[in-house]
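S.K.: Using the sequences and the accompanying hints, generate a full structural model.
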Amino acid sequence: MLETYAEYGAIGVIVSLFVMLIMNLIKSQKEQSKDLDDIRKSIAKSETKMENVESIVLKMLDRWNRSDETSQRHREDIVKELNDVTDDLNFLKGKANNK
Numbered sequence: 075m076l077e078t079y080a081e082y083g084a085i086g087v088i089v090s091l092f093v094m095l096i097m098n099l100i101k102s103q104k105e106q107s108k109d110l111d112d113i114r115k116s117i118a119k120s121e122t123k124m125e126n127v128e129s130i131v132l133k134m135l136d137r138w139n140r141s142d143e144t145s146q147r148h149r150e151d152i153v154k155e156l157n158d159v160t161d162d163l164n165f166l167k168g169k170a171n172n173k
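Letter 28 of the sequence shown, counting from 1, is numbered 102 in this note's numbering, and no numbers are missing.
Be a bit skeptical, because a hint or two may be false.
Computed list of lysine-lysine pairs in BS3-like fashion (alpha-carbon distance at most 30 Å, straight line) [as the list claims (entries may be wrong)]:
(1) Lys154 / Lys169
(2) Lys115 / Lys101
(3) Lys123 / Lys108
(4) Lys123 / Lys104
(5) Lys154 / Lys167
(6) Lys104 / Lys115
(7) Lys115 / Lys133
(8) Lys108 / Lys119
(9) Lys133 / Lys123
(10) Lys104 / Lys119
(11) Lys133 / Lys119
(12) Lys101 / Lys119
For each label pair, taking beta carbons as the anchor points, the in silico distance ranges come out as [claimed, not checked]:
(13) Gly86 / Ala118: 42 to 50 Å
(14) Val89 / Glu125: 50 to 58 Å
(15) Phe92 / Thr122: 43 to 51 Å
(16) Arg147 / Leu110: 52 to 60 Å
(17) Ile96 / Ser129: 45 to 53 Å
(18) Ile117 / Lys154: 52 to 60 Å
(19) Asp162 / Ile130: 43 to 51 Å
(20) Ser129 / Val159: 43 to 51 Å
(21) Tyr79 / Arg114: 50 to 58 Å
Bear in mind the hints are in silico, worked out from the structure with no lab data behind them.
Fair warning: this is a prediction, and the values are worked out from it, not measured in the lab.
By construction, the Cβ of each residue, glycine as well, lies at the ideal position given by its N, Cα and C atoms.
M.R.: Printed below as a string of structure tokens:
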């Protein structure tokens, strides 16, 4: 009879340890799920910030390109006017040399 109680006691201890193992695994899984949710939220915030920064950089580059086009047209206009003045000056030099 004592052997039966000892056997049932050992089985009870093993079952209780198994239940504790399962409970710890469930608890650990819940903590990992919570941590993963926090990481997902953090990644979503980072992605949003990166998209905003990317948008700002693209707008800034577009603005620089438009500014460069405007200044390039201005330089071309100045060179064109300078060429016209140089042509007129050469024409006048030619007339002065012929007299």
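S.K.: Are the hints correct? Go through all of them and say.
M.R.: To see whether the hints hold, each was checked on the structure:
A distance of roughly 23 Å separates the Cα atoms of Lys154 and Lys169; the hinted pair therefore holds under the 30 Å criterion. For the hint linking Lys115 to Lys101, the alpha-carbon distance of about 21 Å falls within 30 Å, and the restraint holds. Taken as a hint, the Lys123 and Lys108 pair is honoured in the structure, with Cα atoms around 23 Å apart against an allowance of 30 Å. Distance hint between Lys123 and Lys104 is fulfilled; the C-alpha atoms sit about 29 Å from each other, no more than 30 Å.
With a C-alpha separation of about 20 Å, the suggested pair Lys154 and Lys167 falls inside the 30 Å cut-off, and the hint holds. The straight-line distance between the Cα atoms of Lys104 and Lys115 is roughly 17 Å, inside the 30 Å bound, and the hint therefore holds. The hinted pair formed by Lys115 and Lys133 meets the criterion: a straight-line CA distance of about 27 Å does not exceed 30 Å. A distance of roughly 17 Å separates the Cα atoms of Lys108 and Lys119; the hinted pair therefore holds under the 30 Å criterion.
Restraint check for Lys133 and Lys123: the C-alpha separation of about 15 Å stays at or below 30 Å, so the hint holds. Taken as a hint, the Lys104 and Lys119 pair is honoured in the structure, with Cα atoms around 23 Å apart against an allowance of 30 Å. At roughly 21 Å between alpha-carbon atoms, Lys133 and Lys119 fall within 30 Å of each other, so this suggested pair holds. At roughly 27 Å between alpha-carbon atoms, Lys101 and Lys119 fall within 30 Å of each other, so this suggested pair holds.
Judged by the Cβ atoms, the range 42 to 50 Å given for Gly86 and Ala118 holds: they are separated by roughly 48 Å. For the pair Val89 and Glu125, the supplied restraint of 50 to 58 Å holds, since their beta-carbon distance comes to about 54 Å. Look at Phe92 against Thr122: about 45 Å separates their beta carbons, and that is inside 43 to 51 Å. The hint said 52 to 60 Å for the Cβ distance between Arg147 and Leu110, and at roughly 55 Å that hint holds.
A beta carbon spacing of about 49 Å between Ile96 and Ser129 agrees with the range 45 to 53 Å that was offered as a hint. Here the CB-CB span from Ile117 to Lys154 is close to 55 Å, well matched to the stated 52 to 60 Å. The hint said 43 to 51 Å for the Cβ distance between Asp162 and Ile130, and at roughly 48 Å that hint holds. Restraint check, Ser129 to Val159: a C-beta distance of roughly 45 Å satisfies the suggested window 43 to 51 Å.
Remark: the range hint 50 to 58 Å for Tyr79 to Arg114 is upheld by a beta-carbon distance near 52 Å.
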